[in-house]
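Visitor: Residue numbers (this note's numbering), protein chains in the order written: chain Z, 1 to 414; chain R, 415 to 573.
Honestly, the hints are just simulated from the structure, not real lab data. In this text the structure is predicted, and so the values were computed from the model without any measurement. There may be inaccurate statements among the hints.
[Stated by the list, open to error] Some chain Z residues near chain R, calculated using beta-carbon distances under 7 Å:
1) Met318
2) Met396
3) Ala397
4) Gln401
5) Ala404
6) Asn411
7) Val413
[Claimed, not checked] Between beta-carbon pairs, the in silico distance windows are:
8) Gly522/R to Arg68/Z: 25 to 33 Å
9) Gly428/R to Gln191/Z: 34 to 42 Å
10) Glu36/Z to Ala519/R: 26 to 34 Å
11) Met1/Z to Glu458/R: 30 to 38 Å
12) Pro211/Z to Asp487/R: 55 to 63 Å
13) Glu341/Z to Gly428/R: 30 to 38 Å
Idealized CB from N, CA, C, for every residue including glycine.
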Amino acid sequence: MHHVIIGTGPAGVSAAETLRRLNPGSKITMIGGEGEVPYSRMAIPYVLDGGIKEQGTHLRQDKGHYERLDIEVLAGPVTRIDAQHKLVELLGGSAVNYDKLLIAAGASPVKPPVPGLDLPGVHHCWTLGDMRVIEELAQSGEDVVLMGAGFIGSIILEALKKRGVNLTVVELGDRMVPRMLDETAGGLLKQWCIGHGVDVLTDTGIDRVEPDGERLSVHLTSGASLSARLLVVAAGVKPNTGFLTGSGIKVGRGIVVDAHQQTSLPDIYAAGDIVESHDISTGEVSVMAIQPVVVDHARVAATNMAGFKARYEGALAMNVLDTLGLITTSFGLWHGTGSGEQAMSLDAENYKYLRLEFDGDHLVGAQSLGLPEHVGVLRGLIQSRIDLGPWKQRLMANPHQLAAAYVACTNGVC
Amino acid sequence: MQKALAIDAGKCTGCKQCELACSFEHEGIFNVVRSRIRVFIFEEEARFVPYTCTQCDQAWCMQVCPVGAITSDPMSGVKSVNAATCVGCKVCTIACPFGTINYNAGSGKVEKCDLCGGDPACARECPTDAITFIDAGLAGYAKMQDWAARTDTAPQAAS
Ligand SMILES: Cc1cc2nc3c(=O)[nH]c(=O)nc-3n(C[C@H](O)[C@H](O)[C@H](O)COP(=O)(O)OP(=O)(O)OC[C@H]3O[C@@H](n4cnc5c(N)ncnc54)[C@H](O)[C@@H]3O)c2cc1C
Ligand code: SF4
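Isolated chain R (complex conformation):
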């Protein structure tokens, strides 16, 4: 069974524990700027929305990469960047309509959520269960996937 991040923005308090956890997990430092999950804060509406890659089926980043540096794990569906192969051309950063793959000028490579290899730190550290890691079918990605389909120039074949 594939698992996915389920985000319940209504439970988010904007504490940014997820950002810190992500940065520490991937970079070994606590620096929200280096996080691959971002909490958007809407003060007027008093809403907090944690936001990251949904490992979408369209996988624009993976399709567009000119050197095959992004691969999809057949078991988990996670799309991850092989830094040794990435040439840093950034074409994936403009092709992903969610803006969830970003260039890091320090490394000269791109970075995205890789679900921490199966135990995502953001979900582990979220104190309010606004982020949980559950069966993909239950994760309620339907809404995000609607948006994915609206951007898609090539709806996948119905087989």
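In isolation and in its complexed conformation, chain Z is listed as follows:
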């Protein structure tokens, strides 16, 4: 049995390790797209802020990890899948045959249709290659503009600020991280950032970018303009499905899979940022592009590829963000169902906020600002659909009781 995996990010590596565990005798080949040691994009900000060296981004730290597990790592990228002959073609023309194939080729950052985003000095912060350029350009004291204060943008914001640059963040939405936080939390976060010396412009877009010698002139929709050495673009991502054209694999927002993570073609599975998931909160289909979802996909896909059965019951949106020391989280239907009850606790002065959303007897969503302890119980309460019983009223009265509620409900104290 030859398992071939396209992509060496967290989805690919988690799947390869699961396959090795379940199918000790199989042949496993991973094919990368960037010519790097398998690494984690998530760790890039911690290199930029000086917390770790580049090697710290590697998905596995022990030397010889893949050799020891007998997992072959090839340089790609894959240019074409030929499902009829069960082979993948690599750049340069060579081909690799597979028995079972996993597509874990991730996503790429989007470049909005704004004139000037192809200029030198404009970069994404997505790959190790991008990171090396940003390390070079974002020196202490430099003027840097960040386009987008979404989830990834806000993570990059912290890393850039810690490098000591003069940072301006430009966000189209009316607040920071509008897809993860409500007006209160997003507003507090903005205030926090401004208090920590970051210029945050919300309700503002970038209209066009022009060269200005070595520098850039960044023109805003407000009419103002900023001079910068570097513009970092963090305006969303889209699945890397381009190379699947003509393969017969069904693609919607991302690759379409069934509950076993199998694509529309037999023996071909998919996992990670390239896949669309069923969102257990909204019932809708979307590409979540977050690490917890990615590794769950990989585990389910690999288990099925190995000949065992596993089902994916759907994805729960969950995010945690640390912005210059202020920790925010959001889970599930953080904005509520529209008709359910809500519990809220706000201490704006001390940057503490907790909002819980219920549907009947169940917690369905939550956000927090100023991290409460045991924050993971929010996942437990939501995803296990725990019947809250009397704890619903207690949480309505004091949402900070949520860890107690979880412990009580799972230990028969209710």
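Based on these hints, arrange chain R with the ligands on the given structure of chain Z.
Guide: Below, chain R with the ligands without anything else, positioned relative to chain Z:
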């Protein structure tokens, strides 16, 4: 034979010796805030429930870590954090549905129960045997594991 913490909440009197012992063992100070085991006190019901990581098989924290900073000891099954590798991204703190891995802003890393390397201080110091360290098969984790399975999006393969 793997050993595990067995918690018999009915025997707990809420004295918090376990919290103090844990804090001293890991941090060298007696400060319940720094403990990795927490005694939940339910006054209305007059119940005390010591609560910590069960070293569960699903190991969401370990699976989700983007840099492999959490590892499972093949002999003991203990999941522990390698602080030198942890980048402090906190994704494990939201992925663990028990909320038993927590971020420490002081160190910039996460912390969880590591069974003190095989001689857990909480069990040693508990005066009423509400916490004991016994063979995993006898520890009665079934209930916690039920909850783990209910959260699991990917029930493990039946081999
Ligand atoms: C700066 C930053 C911070 C982040 N922080 C967080 C966070 O805090 N929390 C969180 O949940 N998520 C975070 N994310 C998102 C997270 O990193 C992704 O969800 C995750 O990396 C997706 O894993 P993946 O394996 O599906 O894809 P990727 O990590 O993108 O890996 C895909 C792999 O496929 C390769 N590839 C692409 N095309 C081909 C091809 N044609 N042939 C062969 N190989 C190919 C790529 O080179 C890459 O190796 C962050 C992302 C970034 C960029
Ligand atoms: S906080 Fe540390 S241990 Fe937890 S997932 Fe991030 S790197 Fe891994």
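Visitor: Check each numbered hint from earlier against the structure, then list the numbers of those it violates in ascending order.
Guide: 2, 3, 4 and 11
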